[in-house]
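Top to bottom, those sequences are chains A and B.
Quick note: the first sequence uses this note's numbering, first residue 1, plus one each step.
Quick note: the second sequence uses this note's numbering, first residue 1, plus one each step.
Hints in this document: simulated from the structure, not taken from any laboratory.
There could be a bad hint or two in this list.
With a straight-line cut-off of 20 Å between C-alpha atoms, the simulated DMTMM-like cross-links for lysine to aspartate or glutamate are [claimed, not checked]: (1) B:Lys322 with A:Glu517; (2) A:Lys589 with A:Glu552; (3) A:Lys318 with B:Glu505.
A short list of chain A residues far from chain B (calculated; beta carbon distances all over 10 Å) [claimed, not checked]: (4) Ile25; (5) Ala448; (6) Thr456.
Pairwise CB distance ranges (calculated) [unchecked claim]: (7) B:His37 with A:Ala590: 35 to 41 Å; (8) B:Gly570 with A:Glu200: 46 to 52 Å; (9) B:Pro577 with A:Leu217: 36 to 42 Å; (10) A:Ala145 with B:Val435: 23 to 29 Å; (11) A:Ala145 with B:His27: 47 to 53 Å.
Keep in mind it's a predicted model, so treat the numbers as computed, not measured.
We put the beta carbon where it would ideally sit given N, CA and C, even for glycine.
There are 2 protein chains.
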Amino acid sequence: MATFESAKSASKSLSLSPKSGGKAITHYLPFLDWLVHYRREDLVGDLLGGVIVAIMLVPQGMAYAMLAGLPPQVGLYASIVPLIIYGLLGTSRTLAVGPVAIVSLLVASGVAPLADAGSAEYLQLALTLAFLVAIIQFIMGVVRAGFLVNFLSHPVVAGFTSAAAIVIGFSQLKHLIGVNIPRTHYFYEQVLYAVEHILESNVYTLIIGLGSIAILLYFQYGFAKHLKKTGLSESIIAPVSKSGPLVVVLLGTILVVATNLYDWASVKIVGEVPAGLPPITLPVFDVNVWQLLLPTALAISFVGFMESISVAKSLASKRRQKVDADQELVALGAANFGTTFSGGYPVTGGFSRSVVNFTAGANTGLASIITAVLVAVTVIFLTPLFYYLPNAVLAAIIMVAVFGLIDVKTFKHVWKYNKADAASMIVTFLAVLAVGVETGILVGVAAALALYVWRTSRPHMAEVGRIASTETYRNVERHEVETWPQTVAIRVDESLYFANTKYLEDVVLQMVADKPELKYLVLIGIAVNDIDASALETLKSLNQELRDAGVELHLAGFKGPITDRLKAIGFIDHIGPGRVHLSTHDAMKALGCA
Amino acid sequence: MATFESAKSASKSLSLSPKSGGKAITHYLPFLDWLVHYRREDLVGDLLGGVIVAIMLVPQGMAYAMLAGLPPQVGLYASIVPLIIYGLLGTSRTLAVGPVAIVSLLVASGVAPLADAGSAEYLQLALTLAFLVAIIQFIMGVVRAGFLVNFLSHPVVAGFTSAAAIVIGFSQLKHLIGVNIPRTHYFYEQVLYAVEHILESNVYTLIIGLGSIAILLYFQYGFAKHLKKTGLSESIIAPVSKSGPLVVVLLGTILVVATNLYDWASVKIVGEVPAGLPPITLPVFDVNVWQLLLPTALAISFVGFMESISVAKSLASKRRQKVDADQELVALGAANFGTTFSGGYPVTGGFSRSVVNFTAGANTGLASIITAVLVAVTVIFLTPLFYYLPNAVLAAIIMVAVFGLIDVKTFKHVWKYNKADAASMIVTFLAVLAVGVETGILVGVAAALALYVWRTSRPHMAEVGRIASTETYRNVERHEVETWPQTVAIRVDESLYFANTKYLEDVVLQMVADKPELKYLVLIGIAVNDIDASALETLKSLNQELRDAGVELHLAGFKGPITDRLKAIGFIDHIGPGRVHLSTHDAMKALGCA
Numbered sequence: 001m002a003t004f005e006s007a008k009s010a011s012k013s014l015s016l017s018p019k020s021g022g023k024a025i026t027h028y029l030p031f032l033d034w035l036v037h038y039r040r041e042d043l044v045g046d047l048l049g050g051v052i053v054a055i056m057l058v059p060q061g062m063a064y065a066m067l068a069g070l071p072p073q074v075g076l077y078a079s080i081v082p083l084i085i086y087g088l089l090g091t092s093r094t095l096a097v098g099p100v101a102i103v104s105l106l107v108a109s110g111v112a113p114l115a116d117a118g119s120a121e122y123l124q125l126a127l128t129l130a131f132l133v134a135i136i137q138f139i140m141g142v143v144r145a146g147f148l149v150n151f152l153s154h155p156v157v158a159g160f161t162s163a164a165a166i167v168i169g170f171s172q173l174k175h176l177i178g179v180n181i182p183r184t185h186y187f188y189e190q191v192l193y194a195v196e197h198i199l200e201s202n203v204y205t206l207i208i209g210l211g212s213i214a215i216l217l218y219f220q221y222g223f224a225k226h227l228k229k230t231g232l233s234e235s236i237i238a239p240v241s242k243s244g245p246l247v248v249v250l251l252g253t254i255l256v257v258a259t260n261l262y263d264w265a266s267v268k269i270v271g272e273v274p275a276g277l278p279p280i281t282l283p284v285f286d287v288n289v290w291q292l293l294l295p296t297a298l299a300i301s302f303v304g305f306m307e308s309i310s311v312a313k314s315l316a317s318k319r320r321q322k323v324d325a326d327q328e329l330v331a332l333g334a335a336n337f338g339t340t341f342s343g344g345y346p347v348t349g350g351f352s353r354s355v356v357n358f359t360a361g362a363n364t365g366l367a368s369i370i371t372a373v374l375v376a377v378t379v380i381f382l383t384p385l386f387y388y389l390p391n392a393v394l395a396a397i398i399m400v401a402v403f404g405l406i407d408v409k410t411f412k413h414v415w416k417y418n419k420a421d422a423a424s425m426i427v428t429f430l431a432v433l434a435v436g437v438e439t440g441i442l443v444g445v446a447a448a449l450a451l452y453v454w455r456t457s458r459p460h461m462a463e464v465g466r467i468a469s470t471e472t473y474r475n476v477e478r479h480e481v482e483t484w485p486q487t488v489a490i491r492v493d494e495s496l497y498f499a500n501t502k503y504l505e506d507v508v509l510q511m512v513a514d515k516p517e518l519k520y521l522v523l524i525g526i527a528v529n530d531i532d533a534s535a536l537e538t539l540k541s542l543n544q545e546l547r548d549a550g551v552e553l554h555l556a557g558f559k560g561p562i563t564d565r566l567k568a569i570g571f572i573d574h575i576g577p578g579r580v581h582l583s584t585h586d587a588m589k590a591l592g593c594a
Numbered sequence: 001m002a003t004f005e006s007a008k009s010a011s012k013s014l015s016l017s018p019k020s021g022g023k024a025i026t027h028y029l030p031f032l033d034w035l036v037h038y039r040r041e042d043l044v045g046d047l048l049g050g051v052i053v054a055i056m057l058v059p060q061g062m063a064y065a066m067l068a069g070l071p072p073q074v075g076l077y078a079s080i081v082p083l084i085i086y087g088l089l090g091t092s093r094t095l096a097v098g099p100v101a102i103v104s105l106l107v108a109s110g111v112a113p114l115a116d117a118g119s120a121e122y123l124q125l126a127l128t129l130a131f132l133v134a135i136i137q138f139i140m141g142v143v144r145a146g147f148l149v150n151f152l153s154h155p156v157v158a159g160f161t162s163a164a165a166i167v168i169g170f171s172q173l174k175h176l177i178g179v180n181i182p183r184t185h186y187f188y189e190q191v192l193y194a195v196e197h198i199l200e201s202n203v204y205t206l207i208i209g210l211g212s213i214a215i216l217l218y219f220q221y222g223f224a225k226h227l228k229k230t231g232l233s234e235s236i237i238a239p240v241s242k243s244g245p246l247v248v249v250l251l252g253t254i255l256v257v258a259t260n261l262y263d264w265a266s267v268k269i270v271g272e273v274p275a276g277l278p279p280i281t282l283p284v285f286d287v288n289v290w291q292l293l294l295p296t297a298l299a300i301s302f303v304g305f306m307e308s309i310s311v312a313k314s315l316a317s318k319r320r321q322k323v324d325a326d327q328e329l330v331a332l333g334a335a336n337f338g339t340t341f342s343g344g345y346p347v348t349g350g351f352s353r354s355v356v357n358f359t360a361g362a363n364t365g366l367a368s369i370i371t372a373v374l375v376a377v378t379v380i381f382l383t384p385l386f387y388y389l390p391n392a393v394l395a396a397i398i399m400v401a402v403f404g405l406i407d408v409k410t411f412k413h414v415w416k417y418n419k420a421d422a423a424s425m426i427v428t429f430l431a432v433l434a435v436g437v438e439t440g441i442l443v444g445v446a447a448a449l450a451l452y453v454w455r456t457s458r459p460h461m462a463e464v465g466r467i468a469s470t471e472t473y474r475n476v477e478r479h480e481v482e483t484w485p486q487t488v489a490i491r492v493d494e495s496l497y498f499a500n501t502k503y504l505e506d507v508v509l510q511m512v513a514d515k516p517e518l519k520y521l522v523l524i525g526i527a528v529n530d531i532d533a534s535a536l537e538t539l540k541s542l543n544q545e546l547r548d549a550g551v552e553l554h555l556a557g558f559k560g561p562i563t564d565r566l567k568a569i570g571f572i573d574h575i576g577p578g579r580v581h582l583s584t585h586d587a588m589k590a591l592g593c594a
């Protein structure tokens, strides 16, 4: 089966780069691709996906709007136009765009210091935030800056998400216990206030909230299993088991209407939700306001994109499809432009709804458009139904949604695997709780980069010796090997660059100072992928220092490209003839040790 | 000659770490070591080194004090007590401590915005700066933070030094042309001012200045050669050829005294330099002042330490001696405490004087103490001689000293070797000129780290094929190799960590999307030195995505410790039995390709 290919044809047949060369029109307008190839059998999946996501999205949209400090209809408005735009421009066929918890929290933390929650100004600032996010994401997509999200490491994201989930969950406590907890800058102040005022809880509100949580947890963790035992088909189980939020909304509303709790027991309800299609809205065009909102807009752009691209990629690969990070940024940017001008607030691709959409069988962006139409129908005709909906039910929906984001398992896993990674996770987690979500994630990214540089700044180095009568050389501390009094061979397990090159020099010079009989020092570079200009300088001075001390420096096993560059810059001539060896064994033979 | 050692004895006989275990009293008081072992024959070298350094230091000390905006005697005071303290506590036997150009520039740029040059307040702030530097360096030494200096990469240091040399050299132009150029925040403003007022130059001052420069350049580049031709011994040539500054000081003073130029031609002279030993002085104890000076103090601590440790290490290794970075910080910190309380300003080990000290044959810290005594004698008895010394001569001394620091050679070299390194050098150079010395170096460090992370975030990856009927596998784009339709083998030439792991995933998934017939993907890890928690997560999801797409992931050639950790965390079980191979060839045999 083997075929022989010359270098050229091989490199043509497979480019080792994630980007392909020329772009077709379908790259920029991905819907042309699925529209042209649309098959009748795709429709069933798209319809099912669209309907189930709509069922989840209506209560979630209202709840997340409340989390963001906005009226409930804003969450519904944000679930119409952006979904249509993403459905047309997105490269993921199954991503469900709309309001999500973390972005809503970021909106609240960015806008609350500037305006009173619920005021017209607050709404305007949220729109402006969406506008800035749209611009940032769009530009990032155009300049192909999608890779930047890679600098958010997994432990940092996990630490951030867990802490944000706690902050979000806690922010809903006031609705759950019916006590107004003032928003303060520091999280711990809110916790202290809540503890002090816990006895003032409204019992009826609390019962509705806890009851909703119990029902939601049952739907999430037990209902599907029970349904399966009844032998129902998956296409019925899927929508039914995902309708938990809808069920608690209905039950909560019915309970309040039947008992007048809102009246004699002061249970807070949603109140009037305006009916009709989203209004046409404009952001604030004021550079000073933009400057104030910019840090939050950047945080939303990055964090929102990260959540979106993770789920989009993971779902696409299951069907051997591809998402394009830069086009995704363009599509999300366009969706945020849409939300800006149709009364919404910042949106992104959400994790849970996308998984549901995928599982229900959505095949194309049409599923997203169907969801949008259903939400629009709800906004036009069904808003009176939400009048008596207790806030505690929406709070319960948020709390259960974010509960699963508190990621103790990942922490344990990372702790076991790598303490440095665990450290960056803890730092991020504590920073988010201590200084807030936006600064917290920056602290986390900085900590992760610092730890990476720190780790590579003290590379693993091993003195190696020869395993008797073989050509194999291994760490003297791990294996029974032959060593020599006048020759030392050291393997460096890291690329040499400015942060670790002095460490290498220290280790080698210490060794020379410790071993007065040393004549030959062999540096083994099989694991060295790069040598930067600082490392080259250090190698030069190391060579000079060794020469001054009467020790010959030899190089063994460095890669072809590195040796080529060292030769071009004159370093190979600098250290002298016969000092560079293809392998450790070659070097040892040359030095009379093997 | 070969000996066999067990793992334990090998690890005892040679520790691959630059630090040794227990510390003797001589570690903290290094002078005990040389004092106890002092030999009569050491004295000749120490005397010669001490005398020559003193000859250089007296004019340089006054000139650098002027550069720092301080009266000339402050430079002399800073050359007495600190030298004695370093001589006792320093681990370098030949480092010459005292005022240096870059630290003087940093003092000027930090203190000038806060007080008028020459005022009593200015002097107090310079003392306070020395006090803060002393505290920072001392603490850094005690907590063993000497390694931090490694994060200053060679190109960043070269870019910084070149730009600082230009700033320093330019700052002396006003003394050379006799025109007062006001100090402004931005360098370009001063350049513009100088260009506008160049025609107002004082011709006599200019002649003295240019004449001094000519003499100094001759001493630096031609005199030693001419002396050698006369057959004089090296011990006479060395002090004579280094006495250029002393010679221009004497000639300039004689000229002014003989012609009264200071009177009828307004040539600026040093004026009265108070005679007598350094006064006892105190820094300002005011937290607000400390806060204002802290950024400058940090810059001086780092940059000063970096200059000092570089030359100390390079000189020590020539004699198979060692310097200890942390004890060096303690010694420099102590020297700065000394300068604080004896009327000086911040000091560090200087490059040129240390090399001269070493070359002249200095053997112990006694050389440094001899220099201090000679400077003290000068301050007590010889200051009247400096009254008629023209400022232009001191300016010429500074200009010639920093001229050699403009490092075009390194730039060309780095540019040829590595464009990314050259970029960080240019960025640092321009940043220092554009935003000043302190912010400039921070920008440079950040740029170097960002470029390093950027470079490792797009690792080199190569698809490999088999060189016909061998066990060798090479890059398909470089070699004529055998490949297979259903199997792809990819070698990653970088440690896998959060910043590059998504890139790897993209490349692999793109390949899967491009090659529908693909069944087996072999990831070759011989050049992978680490896999962090994010990379582990990506490998897991990659494995899942490949499985979903009907492709088997195999690992080949990963190092023992990495495979051990992957096994411990359950990843090896996760990808399934028979998927991990010791070498590429083993993998290919298992997959029926070899």
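Evaluated hints:
no.: 1; hint: B:Lys322 with A:Glu517; result: holds, 17 Å
no.: 2; hint: A:Lys589 with A:Glu552; result: holds, 15 Å
no.: 3; hint: A:Lys318 with B:Glu505; result: holds, 14 Å
no.: 4; hint: Ile25; result: holds, 19 Å
no.: 5; hint: Ala448; result: violated, 7 Å
no.: 6; hint: Thr456; result: violated, 8 Å
no.: 7; hint: B:His37 with A:Ala590: 35 to 41 Å; result: holds, 39 Å
no.: 8; hint: B:Gly570 with A:Glu200: 46 to 52 Å; result: holds, 48 Å
no.: 9; hint: B:Pro577 with A:Leu217: 36 to 42 Å; result: holds, 38 Å
no.: 10; hint: A:Ala145 with B:Val435: 23 to 29 Å; result: holds, 25 Å
no.: 11; hint: A:Ala145 with B:His27: 47 to 53 Å; result: holds, 51 Å
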